[in-house]
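Colleague: Chains S and P, in that order, give the protein sequences.
Note that my numbering numbers the first sequence so that position 116 is 116, with each residue one more than the last.
Note that my numbering numbers the second sequence so that position 597 is 762, with each residue one more than the last.
All clues stand as given, with none of them false.
Here are some chain P residues pointing at chain S (derived, C-beta under 10 Å): (1) PHE401; (2) SER816; (3) PHE845.
Hints in this document: simulated from the structure, not taken from any laboratory.
Positions of the beta carbon are idealized from the N, C-alpha and C atoms, including for glycine.
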Amino acid sequence: MSTQAPSRPQVALTLHVNGEEHTLRVEPRETLLDVLRERLDLTGAKPACDRGECGACAVLLDGQPINACHWLAVQAAGHAIVTIEGLAGQPDFRPLLEALVAADAGQCGYCTPGFAVAAYALLRAEPGAGEETLRWGLVGHTCRCNAYAGIMAAIRQAGAGPRRS
Amino acid sequence: MDAAPATVGQSVPRAGLAEKATGAARYTADLKRPGMLYARLLRSPHPHARVTAIDTAPALRLAGVHAVLTHLDSPQARIDADLAVLDAAVRFVGDEVAAVAAESPAQAEDALAALRVQYERLPAVFDAEEALRPGAPAVHPGGNLVDGAPLRLERGDVQAGFTGAAHVFEGTFRTQEHAPMGMETRAALAEWEGDRLTVWKTSRSVHAHDRPMLARVCGIPLEHVRVICPNMGGGFGNKDEGRAAAIAALLARKAGRPVRLDYGRAEEFLGGRNRQASTNRIRIGVAADGAPVAIDLRSVMNAGAFVASGRNVVRRIGQGALYLYGCPNARFEGLAVYTNRPAGGSFRGLGAPLGHFALEVLADRIAAALRIDPLDYRLRFHVPPQGQPGRRSTPPGHALPDEPVEGGVPFSSNGLRDCLLAGAERIGWRERRRPNASATGARRRGLGVAMGIYKGGVGREAQADLRLTPQGRLHLSVGVVDVGQGSSTVLAQMAAEALQLPLERVDVTMADTAVTPPGHITAGSSTTFSTGSAVKQAAERLRNRLLERAAAHLGVSHVRQQGARFFAQGGPGGLAASATLDEVLGRLAEPLAEHATVTPGSTDAIVNAFAAHFAEVEVDLDTGRIRVLRYVAAHDSGRIVNPLLATSQVSGGVLQFLGIALREELLLDPASGVTLNPSFLEHKSPTLVDFPPVEVLFPGPPDP
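For reference, chain P alone in the conformation it holds in the complex (with noise of 0.2 Å):
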């Protein structure tokens, strides 16, 4: 065996591809079981009613249709507080009213069509702000206030630093609904033994979510629920609630059978979980020389029918408000409203990018009115590494939180500055920027800048079994989702550089709760760090005792490893002595296997991400149409474990945020209640013809 080079760092390429490539890997929706049914919903066509009627017998008379599942025969546990299984209300255009399971997908909707539903119609509100007002259609018994009072966090005294600030400057920002659009839409295959359950689906979950919900609802004990998520097409944060799972499981258990149910897409723009609308008023005072002296953010949020994630959502909205600028004084409050808008959730960066959306125009606009280049504001008043000025409020030893609010705490590193000078360097920012009032013509170009901060993933336990058998492969064992970002290639990496073996003698189990550890929820940008501090532990820990066993072998007290082989350290084993690893190996009767779980996080410092973005853009002042024709993105994002697809995950994210930036809006006819735009092209997507290629910069020292 050769010497193990270096893999931590490399940019090796993804594990899985070329199968993925090929067709032979599998996701969710490419399974089958023997006997297995197609199952399809009916999907409600009114925005707001009740459900007074289901004659299910002319679809049960169909041929191959096998069950039908309603809310009359759906279990009371319910999936969340406000999502039940199905449900007699029905809250928006594509609610989930019944199922149907047949032995074709086409008998399957033949099934659908034969269900006969009578509704009765209920008032429907569609405006966060109309459905906070007294008298509003109720969505949900306890209005329309998630939780029915806003999030509220302050720092400082955000009243009197507006009091003694130079200028204020002001500002209302809007963004739109839009949707994750993952390729694989949500797909779920149940099967039963017994009263066990088996359940493949697509999931960011499996132990922390799926299991638990699977188990409450179907009545049994968590011991008797498996759930596995194959190969996931896109998890983009989304991909988390238990509907389509629910459901598959109720059906397979009615008709005895295997039942697979996949989402259409026109269904996954609907049925799924969308990034939410929000309305953005924001206030900032600065001092004469611009410094910020107060930052002040109310937000609110269309969460739609179901909240899901949306309690995350709008306490990310805030996170730039509250930290990005150095400042003393700094306020959010944030409201999650319901209303009859197909459900919101988790979508990459959550509310973050809303937030700053505001944040960063009204920045723009600040130093305009100031006469201060917008990169030298940026520089002269982000957040410095020492952190926010103010009084820590954590106690001593007790570990920060990432999505901070109190001063007087440091980051363990904060590379924004560095990543505002890389990004402008790259795009020639000092060189090429020009006054806007010099250019004529139609067509006039421009460059731009903002930067963000975001969650360090801290805080998730997180667990890993490592186990180096006689043969001499590493199997590597985890809880979490591989959604597609590539974290089993890069958890693979740091398990085989601590213990200096070729990547290639490592397997990687994750996300099946019959044969992994417990896992976090794959989310908050959080893999990484946190089940990679676990796998990291357990490696060295097995490298211990792989070092004790090549010492016994030896007969010395000590050796040192370099690669795949052990040399003899002292003792009377003589100075020549050494074993290679496979000797070492092969002298074991079984596996050693270590485990390890850990919480990452610090007591001392936060741990955050940093970015700074710069785009030249050209804009047509005729039509209005905006070409990017550069992009740069400089991330602090720590060490980075591999290059590649760090860089292929952060074009990932910009293309998203282009799409809501400049192109994607999902469309509601405010009369109806109907969702007009259900596709790819009139999402408007981008295509490979849209935008240009991301150019991703990681400068700056790692994060220890």
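Next comes chain S alone, as it looks inside the complex (with noise of 0.2 Å):
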């Protein structure tokens, strides 16, 4: 295929996630939910809305939790970012993980790392949180198969836990 047309322009670019660093090369347009998805290979965070509404993409930046869709990955850089593939190997996710199985919180299971991502977050950032600041923290969060019984149940089942132990 006749390629005349210059490539548009790249810039390097080094990238902390789950704990590897990763240099690459990347247009500045490309988001850093795309980045982690088609160069890294880290599905988990999924693309659904494709505008910060949904929550799907959820990853953590710093301990904090941001749609990773509404990102520059270039933005990113310096940054220390956690995806659901690497909390997945993390003990004290653990029981979040348990809870979410037991009481169901996804169907398709397409929004459930995006939850899962949130709530983790939230449950380090606010232990003890009652029902209206958990509901409440997971807002920016969509599910269509209602499955926000499930996780409701699950994340105060998992905020219960440490501290009955």
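Got two chains here, separate frames each, mind docking them using the hints?
Modeller: Here it is as structure tokens:
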């Protein structure tokens, strides 16, 4: 195939993801979500709304949940990114994961990683938070199967777990 | 090995949920193949136009661009009768015009911007009633009324019924367009090896729809097409048309490399398939005591630019009017109408909620006029277990439909009364319902009830393969898709139960045309009933063979299975002789395999599902805001294989219908034909602060 037109300029980028360093060349317009999914094959963060409305692409940036579709990859340079794949290997994520499965907190499961990332961060930021805080803390996440009741039950369970023991 | 606990009827956790929650589970758009290109679609800016010229050269000159597909190089073979792969005519704002494949998504976007298209604009029509008028712009050749005639169904003599009625009530009820909004958008990944094609795609039917469509469109034998549906991020009766897959396959062949095409969210709202807007005019004639004696529903459905599964949608609008209330005379007329709106299709419940909405609101008005409590009205006049009055028209010995019109046939079971009573008790209907006249203040609370009838899932041929290995694992293979509703879990439970195996010994393979037997479409609430019946039959056959092997192993004529152990019964083998399942299986030279093909149904009863829903709401008379305070859903869905998953399933249905009842609407600008709100927020899809948890009940005895 002929490729007479020049490629768009690329920039060098170092991303810290799940404790590893990745050096890449990206176009400045590429989103963090696209780079995570298409370059690093970390597909746990899902594209769904394309505009920061639904939380399916949530990842942690320096411990805070963000919508990866709303960040350019170049903006994430110098920050520590943890995706759901990274959380999955952490022992302190297990209670939440087990609670999510027990409460059937996902049907098709497409929104579940985003909810899990946000719920993990919320429980760390607000240990002992009440029902309303938890509910409003996840309002930026959409589930179309209506696993909402299961998600809330799981978070209550996971939040109560450590204090009870 | 421990004795197998009973699994059917147990709330075992959803298979694969931990993998989904940790991001390990792959959906179509998560897949990559070596050398894979990314495809993007150019969509029409006009509601109705003819493409007169496309210059693809500037796009093909861009870095990384490998192929462009337009109507000029698309095959003549069609996806559906009214749907080409790509067409010179474009019929709504967002209709697919051309496709590109490039090495990165960004390069593909650049290529779209470089395509030069000239359009000849044509007059457009957006309203279904207008589209039926003489002289309206023709969306397709042959007129805007789909199939050229309305669907007409009648039982008894409706005209005579109205003549004899003591009162006649009527109303016109409109429902708006809204989107299924599966969190995952449509996606397809196509790869060629020579003239053999493999496609991974979002699907409801890899065997029955996708495979023959791709063979036809690509001009290759059926055996050369393999279609796989990985995890599905929400089916909801949707994702059944094939344009994305056909385009990906043709681009991949042109480029000589694998191609993945993912829809963006706005594209999904436009190029997906939405629930059609409808206008429903209903008349009900009643006797002096309120008993319906004639029901007449006429519905006009705006099918949009392509009919897709719209014929089934229209058919189901009529189901409530024809069958929910006991009534000797009932008639339904349904029209599907082409317009220049985004295409409609099948979406959870299809037309049923549209017709039920009209019917149940009018039933409330009848009850109010006759001073009958709305719950009592339904308890008195719902269709009874013995069915509708009238004469059977299905010949004896023939399977009865599960969208019946005729009278004179009973139901296999009918739990409407149980659902009404259980739901009323849960929400406190008798104690808490008060006449509105006694209320004061701007915020008023009230209780409401509605009931429903739906297909039972009969009549779809279903197949299942089972294989029990010497290592003690049971492999279940079915061609249907788990669209997210949990059929992989439920079917494994049914197989485990029949063979008295622990569930963790069962592996399930689904929705891959190369390795699973043919499967029907995942539609019409049918999978557990139809494919479940095939699984059960195959499992029972396998169990008989297993018992024979165990008897031979023990040297007796009969054995009794208790969990994972077989006990000798009679014969010379000795009274105490027994063997474990693993001992019996370990002696096998090869796996025990069984297959079953069944077309479930009944020749003497109608198999339907029933529900009664109750809501407590608060209405702010000043602002009009409606808050749902409680929601109770009582369902008769036959035997519940997994209450946890069934509860989730019902909760999902309720949320989507609270959406259309109170919030959601796709808005179209009537001047330009542009869809104004193709996003989650602006479509007003519910979040977790909008509605209370659904209280789900499954009362009553199970359907045999």
